[in-house]
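Q: Next come the chains, spelled out residue by residue.
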Amino acid sequence: MQRAEPWSAPALSRRCFLVAGASLAGGFVLGVPLAHAVPADTAAQRRLGHFIEITAGGDVIIGTNQPEIGQGIRTTLPMLVAEELDVDWVRVSIRPMPLGIVRTADGYAWQYGGQGVGGSTGLTSNWEYMREVGAAARRQLVRAAAERWKVAPESCATEQGYVSCPALGERYAYADLVADAALLDPPEEKPALKSRSDYRIVGKPQRTIDAEEIVTGKTRYGIDTRQPGMRYAVIARSPWLNGRPVSFNASAALKVDGVLDVFEIRGPQPDEPYQILASGVAVVATSTWAAIKGRNALRIEWDKGPNASDSSEKFWADNASMLDGAGQVVLDDGDFDAAIAAAARVIVRRYEVPFVSHAPLEPQNCYAHVTGDSCHIIAPTQMPAGASRSAAWATGLERDRIRVEFTRVGGGFGRRLTNDYVAEAALISKKTGWPIQLQWTREDDIRNDFYRPAGMHEVRAGLDAAGSILGWTQRLASASKHYRRPDVAAEDLWQAELYPDDFPRHIVPNLRLEYFHNAIGLARGSWRAPAHTANAFVIQSFLDEIAHETGQDPLELRLALYGEERELDYGGHGGPTFNPGRLARLLRFVAERIGHGSKLPAGHGIGIASHFTFGGYAAHAIQVAVSGSGDLKIERIVAAIDCGLAVNPNAVEAQLQGATVDGISTALGQQITVRDGQIQQSNFHDYPLARIRDIPARFEAHILPYGDTPTGAGEIGLPTAAPALTNAIFAATGKRIRRLPILDQLKA
Amino acid sequence: MVEFRVNGEDVAFDGDADTPLLWILRDHFSLTGTKFGCGTGQCGACTVHVDGAAQRSCLVAAATLDGRSITTIEGLAPDGENLHPVQAAWLEFDVPQCGYCQAGQIMAVVDLLRQVPNPTDADIDARLSNICRCGTYVRIRQAIHRAAELLAAGGDDATR
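Line by line, the protein sequences are chains L and G. Quick note: the first sequence uses our numbering, first residue 4, plus one each step. Quick note: the second sequence uses our numbering, first residue 13, plus one each step.
Some hints here could point you the wrong way.
[Unchecked claim] Capping the alpha-carbon separation at 25 Å, the derived lysine to aspartate or glutamate pairs in DMTMM-like fashion look like this:
hint: 1; chain 1: L; residue 1: Lys221; chain 2: G; residue 2: Glu93
hint: 2; chain 1: L; residue 1: Lys207; chain 2: L; residue 2: Glu703
hint: 3; chain 1: L; residue 1: Lys258; chain 2: G; residue 2: Asp30
hint: 4; chain 1: L; residue 1: Lys221; chain 2: G; residue 2: Asp137
hint: 5; chain 1: L; residue 1: Lys636; chain 2: G; residue 2: Asp135
hint: 6; chain 1: L; residue 1: Lys317; chain 2: L; residue 2: Asp679
hint: 7; chain 1: L; residue 1: Lys221; chain 2: G; residue 2: Glu86
hint: 8; chain 1: L; residue 1: Lys221; chain 2: G; residue 2: Asp22
hint: 9; chain 1: L; residue 1: Lys207; chain 2: L; residue 2: Asp91
hint: 10; chain 1: L; residue 1: Lys221; chain 2: G; residue 2: Asp63
hint: 11; chain 1: L; residue 1: Lys258; chain 2: G; residue 2: Glu93
hint: 12; chain 1: L; residue 1: Lys258; chain 2: G; residue 2: Asp22
hint: 13; chain 1: L; residue 1: Lys193; chain 2: L; residue 2: Glu56
hint: 14; chain 1: L; residue 1: Lys221; chain 2: G; residue 2: Glu104
hint: 15; chain 1: L; residue 1: Lys602; chain 2: L; residue 2: Glu548
hint: 16; chain 1: L; residue 1: Lys636; chain 2: G; residue 2: Asp137
hint: 17; chain 1: L; residue 1: Lys750; chain 2: G; residue 2: Asp137
hint: 18; chain 1: L; residue 1: Lys221; chain 2: G; residue 2: Asp135
hint: 19; chain 1: L; residue 1: Lys153; chain 2: L; residue 2: Glu191
[Said to hold, decoys possible] Example chain L residues on the side facing chain G (calculated, C-beta under 8 Å, incomplete):
hint: 20; residue: Gly73
hint: 21; residue: Tyr202
hint: 22; residue: Trp292
hint: 23; residue: Gly414
hint: 24; residue: Val664
hint: 25; residue: Asp665
hint: 26; residue: His705
hint: 27; residue: Tyr709
hint: 28; residue: Gly710
What the hints contain is simulated information worked out from the structure, not anything from laboratory work. Keep in mind it's a predicted model, so treat the numbers as computed, not measured. Glycine included, every Cβ here is placed at the ideal spot set by N, Cα and C.
Only chain G is shown next, with the shape it has when bound in the complex:
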């Protein structure tokens, strides 16, 4: 049994200790916004925040979760009304095509901007490795720069 928090709620999981967080979220908590893409940490579609840091949830085992605080795409926006600035920037540039990787992209970028609030293109190239099979990278890059502006301008107030 491990006890942890998901999107601010206390939860418990008593399945196998090697169960990846990805499948706990998807199959046990029906939080399906976190996506399965490769299962080996390559693609980043399953990116969530573990204690605020972006992690590939397919590589995070249940045994390591005790006392952790997990944020998924469903819990990223501070409330039901406003989007996170990264989500707002994603809409502004209409980034998604199939959209399947975008939750993971957004979670990765939120952490990227926490570490590097005003990234250069080179910073983005060095720090963002999530795969987009549709090739939305041009717009992802534009949206990251826009999100950096929104965050600098005051975060939530700048959305919508």
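So that you can see chain L by itself, here it is in the shape it has in the complex:
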């Protein structure tokens, strides 16, 4: 299916303002996506609102307003539109839309609904909106047909691209009605939506709508932007965290054939919020390779800055000594001290989770063209509105002077929630006046990231004589993600790292959470399923340890704790409730599928884990073999997800497969370490990603549906992969992995 050229933002009219959505500050979509968004003076066109075009031949082109990072959103959301519009899915193609913020009397507003993907919300925040887009357009088509027939709209029906009037025995193709329909004033009230039993498209596996472009190399990612007169730029960023150039000699660089300009880029002061990550020196050239060669020829004298003595050794030693003291109590249910005092047995363990890098395979890049009073940005980003803000910061322009297009993205994983590379590109274009493409190399990417926070967790449980948990505390010393965020108070830094309503809240009555913030100078950010990746590893490892220490079955222990289906209050993202019975259902399923409890040969073992992430539920069962010399082989994986209604089961399965691989890949070998104020890793040789040989052919990904509404799926399947793996390693070897990554710990 060929994709048409991107739409440019249509000229504004009074009618557009009528449909503009919530204010930008208001977050996600509240706007009413009625069909009357077409400016009246363009009546000849074949569009119904911003999202739908019906060609004369009856093909349907659906605009996609969200960034595609591989999660399948540019297939899944058009499915919702097509479902309610009532058209044949095979007639649908998609058209990417640019950022649609417009200035109104009340400030900026979303012209095409909220645009941005993170926190597994891309589907859930558009679930109502996109169905209403389709349903509102369908209503307009029905009304247009009814006017022609002089009958009531209620006497008409739609069927796969046609409006029919059964009483007259006549029908019109949508293509014949669209021009009329676009001119009708729409009703105030929201359109009626289909009931689930009428779905033809939703709930059925659909393939990625633009996959053919991908496999033929036609898809244009951000890095593939080619514009007239475009120059290429790279930046030599400070190798030291918060360092800056004192002076530089560009003469050798400027002698490199194709190098056009060299100048300093000033990053933030050490305690300032990040607009860009680092100070450095930019090189602009006529090709990427010339820019890279020019950068290699630079001679820069660096001020190593205030973090030059930062090291991972000191960071971990500080974590350990912090945990020997008293921290900030952020949750204190019941009476933990009394529970511990009354316990027949107390188990204490410490776990370490490292800094990791996002490493999307498409390195950061951005096209920017800043002219006197306008700016054009083309970027791979998860947050196009953030790209607009970053460009506004860099250029000083009003945001309605900044045009942002966003491409299919070569991996997100949370890295492209921040748009520092957009700001850099805009700075360079503003300085030179040229249209430029900023290109990061892999080394730039690994060494300049908003890393997943690292931390040391101490978990303590008091058990009664039968092995039941009376009290539980999790104490975390970590480098908070909220470091250098504006408007985050020191006492709130914990909120990014401990999610208080996670298991075992409301299940273990005496529960205490305690936080210690450890300063280190590298930037932190959201890495796919943020703190769930750490906390699921810690909690699911610790449950396993309790089970083995007390002679209980790891499955039965968890099932007893989770109990029956019931809604517990959950105040964090993914709430308002958490149903532990849904975890029990998944866990029982994967355990049965993999043969939990069966006798395995020596050196083989099965591990299980389950966790609630951002509204969705997942469980893993993994079987491993570990040789006498410590070689690890993952033999089998059974994964299961409950994300409510799976709108596109094909995409949900893909996300579960990919999230599982991500969790395993990260647990096996990934960590970012610091020595003398520098990031020690640089490329895939020392920051290894899983390859096909690491992932077994015996890999089942199951969807267990629940209810009539979807949750997200992109992050849900990740957190449980690592603890299922390390629990399996324990079952196979008796060796407990308490420090990630696993690396060569099995060789010891």
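With chain L fixed as given, assemble chain G onto it according to the hints.
A: Coordinates of chain G only, in the frame set by chain L:
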């Protein structure tokens, strides 16, 4: 100046002799289907065929190109109508997520199947080292086995 062929067309490049083929394709010929991932031969996103053999184009210098015949993802399908069987298998199993690595995966697998027409899982593990950051390996493996069937059944006739 080096003269070589890209997707059947004669081309010339007169830039620096150390310029990697990757950047020649992308910046000078606007063949952007070949992707930059690491620049050090680790990830395979830039895989193309040099005289029919899969090579990581970030490690192939301009100086070595004289007289070579290069095929990129844009030139893999024999004509505009039909897909290569490996591409067809990729669509059948809906392999791509973000899709960024997939051109390189496909180019690597075409060469793998040329050498081992009916690979076992162990063959795949031993011979395919391209990185997929999204973790599509389960479907890549399925698609390789399917592509082997399509090729055995007669190649182009079995597509679409």
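Q: Work down the list of hints and note, for each, if the structure agrees.
A: Verification of the hints:
Proposed proximity of L/Lys221 and G/Glu93 is supported: the alpha carbons are some 14 Å apart, at most 25 Å. Under the criterion of a C-alpha separation no larger than 25 Å, the hint pairing L/Lys207 with L/Glu703 is consistent with the structure, at around 19 Å. Restraint check for L/Lys258 and G/Asp30: the C-alpha separation of about 16 Å stays at or below 25 Å, so the hint holds. At roughly 28 Å between alpha-carbon atoms, L/Lys221 and G/Asp137 are farther apart than 25 Å, so this suggested pair is violated.
Between L/Lys636 and G/Asp135 the CA atoms are separated by roughly 16 Å; this keeps the pair inside 25 Å, and the hint holds. Annotation: proposed proximity of L/Lys317 to L/Asp679 holds, straight-line Cα distance about 10 Å (limit 25 Å). In summary, the hint linking L/Lys221 to G/Glu86 is supported, as the alpha carbons are separated by about 7 Å, within the 25 Å threshold. Using a Cα cut-off of 25 Å, the hinted pair L/Lys221 and G/Asp22 holds, with the two alpha carbons roughly 21 Å apart.
For the suggested pair L/Lys207 and L/Asp91, the alpha carbons sit about 13 Å apart, so the restraint of at most 25 Å is met. Between L/Lys221 and G/Asp63 the alpha-carbon distance is near 23 Å, which keeps this suggested pair within the 25 Å criterion. Note on L/Lys258 and G/Glu93: the hinted pairing is violated, with a Cα-Cα distance of about 47 Å set against a maximum of 25 Å. With a CA separation close to 31 Å, the supplied pair L/Lys258 and G/Asp22 exceeds the 25 Å bound.
A C-alpha spacing of about 21 Å is found between L/Lys193 and L/Glu56, which places the hinted pair at or below 25 Å, so the restraint holds. For the proposed pair L/Lys221 and G/Glu104, the alpha carbon gap of about 18 Å is at most 25 Å, so the pair holds. The suggested pairing of L/Lys602 with L/Glu548 holds, with an alpha-carbon distance near 20 Å, which does not exceed 25 Å. A distance of roughly 12 Å separates the Cα atoms of L/Lys636 and G/Asp137; the hinted pair therefore holds under the 25 Å criterion.
For the given pair, L/Lys750 sits about 22 Å from G/Asp137 by alpha-carbon distance, which is consistent with the 25 Å threshold. With a CA separation close to 30 Å, the supplied pair L/Lys221 and G/Asp135 exceeds the 25 Å bound. For the suggested pair L/Lys153 and L/Glu191, the alpha carbons sit about 22 Å apart, so the restraint of at most 25 Å is met. Given hint, L/Gly73 at the interface with chain G, holds; its Cβ is 3 Å from that chain's nearest Cβ, closer than 8 Å.
The interface hint given for L/Tyr202 is broken, as the beta carbon of that residue sits about 20 Å from the closest beta carbon of chain G, more than 8 Å. The criterion of a C-beta within 8 Å of any C-beta in chain G is met by L/Trp292, whose closest approach is roughly 4 Å, and the hint holds. The restraint placing L/Gly414 at the interface with chain G holds, with a minimum CB-CB distance near 5 Å, inside the 8 Å limit. Checking L/Val664 against chain G by beta carbon gives a least distance of about 3 Å; that is within 8 Å, so the hint holds.
Nearest Cβ of chain G to the Cβ of L/Asp665: about 5 Å, under the 8 Å cut. The hint holds. A least Cβ separation of about 13 Å between L/His705 and chain G goes past the 8 Å threshold, and the interface hint is therefore violated. With a least beta-carbon distance of about 24 Å to chain G, the hint placing L/Tyr709 at the interface is violated under the 8 Å criterion. Taken as an interface hint, L/Gly710 does not check out: its beta carbon lies about 26 Å from the nearest beta carbon of chain G, beyond 8 Å.
Hints 4, 11, 12, 18, 21, 26, 27, 28 from the list above are not met by this structure, while the remaining hints are.
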